[in-house]
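Since the structure of chain A is already known, use the hints to place chain B on it.
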Amino acid sequence: DQQVKQNSPSLSVQEGRISILNCDYTNSMFDYFLWYKKYPAEGPTFLISISSIKDKNEDGRFTVFLNKSAKHLSLHIVPSQPGDSAVYFCASFPRGNTGKLIFGQGTTLQVKP
Amino acid sequence: DVKVTQSSRYLVKRTGEKVFLECVQDMDHENMFWYRQDPGLGLRLIYFSYDVKMKEKGDIPEGYSVSREKKERFSLILESASTNQTSMYLCASSLPRGLGNQPQHFGDGTRLSIL
Numbered sequence: 010d011q012q013v014k015q016n017s018p019s020l021s022v023q024e025g026r027i028s029i030l031n032c033d034y035t036n037s038m039f040d041y042f043l044w045y046k047k048y049p050a051e052g053p054t055f056l057i058s059i060s061s062i063k064d065k066n067e068d069g070r071f072t073v074f075l076n077k078s079a080k081h082l083s084l085h086i087v088p089s090q091p092g093d094s095a096v097y098f099c100a101s102f103p104r105g106n107t108g109k110l111i112f113g114q115g116t117t118l119q120v121k122p
Numbered sequence: 005d006v007k008v009t010q011s012s013r014y015l016v017k018r019t020g021e022k023v024f025l026e027c028v029q030d031m032d033h034e035n036m037f038w039y040r041q042d043p044g045l046g047l048r049l050i051y052f053s054y055d056v057k058m059k060e061k062g063d064i065p066e067g068y069s070v071s072r073e074k075k076e077r078f079s080l081i082l083e084s085a086s087t088n089q090t091s092m093y094l095c096a097s098s099l100p101r102g103l104g105n106q107p108q109h110f111g112d113g114t115r116l117s118i119l
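Heads up: the protein sequence lines correspond to chains A and B, in order. According to the numbering used here, the first sequence is numbered sequentially starting from 10. According to the numbering used here, the second sequence is numbered sequentially starting from 5.
None of these hints come from the bench; they were simulated from the model. What you are looking at is a predicted structure, and each value in this text was computed from that prediction instead of being measured.
Derived DSBU-like pairs: lysine-lysine, alpha-carbon spacing no greater than 35 Å straight-line: (1) K121(A) / K7(B); (2) K57(B) / K109(A); (3) K63(A) / K7(B); (4) K14(A) / K59(B); (5) K61(B) / K46(A); (6) K80(A) / K7(B); (7) K17(B) / K46(A); (8) K77(A) / K61(B); (9) K22(B) / K109(A); (10) K65(A) / K80(A); (11) K46(A) / K57(B); (12) K61(B) / K80(A); (13) K22(B) / K14(A); (14) K14(A) / K57(B); (15) K7(B) / K46(A); (16) K7(B) / K14(A); (17) K7(B) / K109(A); (18) K46(A) / K22(B); (19) K74(B) / K46(A); (20) K75(B) / K14(A); (21) K74(B) / K109(A); (22) K75(B) / K46(A); (23) K109(A) / K59(B); (24) K61(B) / K109(A); (25) K17(B) / K109(A); (26) K61(B) / K14(A); (27) K7(B) / K65(A); (28) K59(B) / K46(A); (29) K61(B) / K65(A).
Next up, chain B with everything else stripped away, as it sits in the complex:
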């Protein structure tokens, strides 16, 4: 069974801090994704990666960066945290669509609060 693990369930940080959210998957998936979920807005894609060291901007990349040095790990970085980045952050992984219509598998999320 696919396992996507996010390093923290809850995190509290201060405005201006650099924040790292870590995600690891154990199924050798090429694709990895970072979303944020806010009430009434659904899941919005921040960044995604199709392979090691490759990254693509999603719909709301401003204020974020990512790192994918190893296939199983995808990190989301808040360069200088702001209160409007308080949210639920979700990581997902999947096989490439070229192998069929592969659903994304999600971690349990990190509830991040910026004070």
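Chain A on its own, in the form it takes in the complex:
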């Protein structure tokens, strides 16, 4: 069974603090992971990705960490800003697949001023 799970439906943090969004996957056949951000009434936009050969990828305020032994990845946002308030989806490509993504359920982040 190939699943990507986001077990926290929502997260609230104060502006300037760190936001940590978590994602678990069930199958070691996943070999590339992506995070998407979605505002209401807009489509998801690609945020950051990481290959299974790495354990960290950083892009400005956004860092993704991958723990393969735990089948867990996390997205860190530092410092959090009110404009980061959105739904965040993690997603993954199973190894060998031609482009079909498996998405998690999403986590709604609220950053309070």
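This is chain B only, laid out in the frame that chain A set:
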């Protein structure tokens, strides 16, 4: 920049109607996808297409069909709309994974209500 355009932002239809949702991308992408997004369920894949006239069922194809007559256009068809198909529908496109790990690019979605 990749542009994926969905023909309608909001649509209201009646039960039993045949509904067409249109999606066009301007980046010559081989892959195109239709998802629906429902609260607590994330994005669920309905159908996808790897090339013109090719289609594959996703996770929830029942009650839907698709058409891809041209590379840039991918249509989702609700054969006989039902109230449980009220949802946000999202179209996406991407290059083939054989060209690297290509993220999917999404349109802004169609909020469909079936009355």
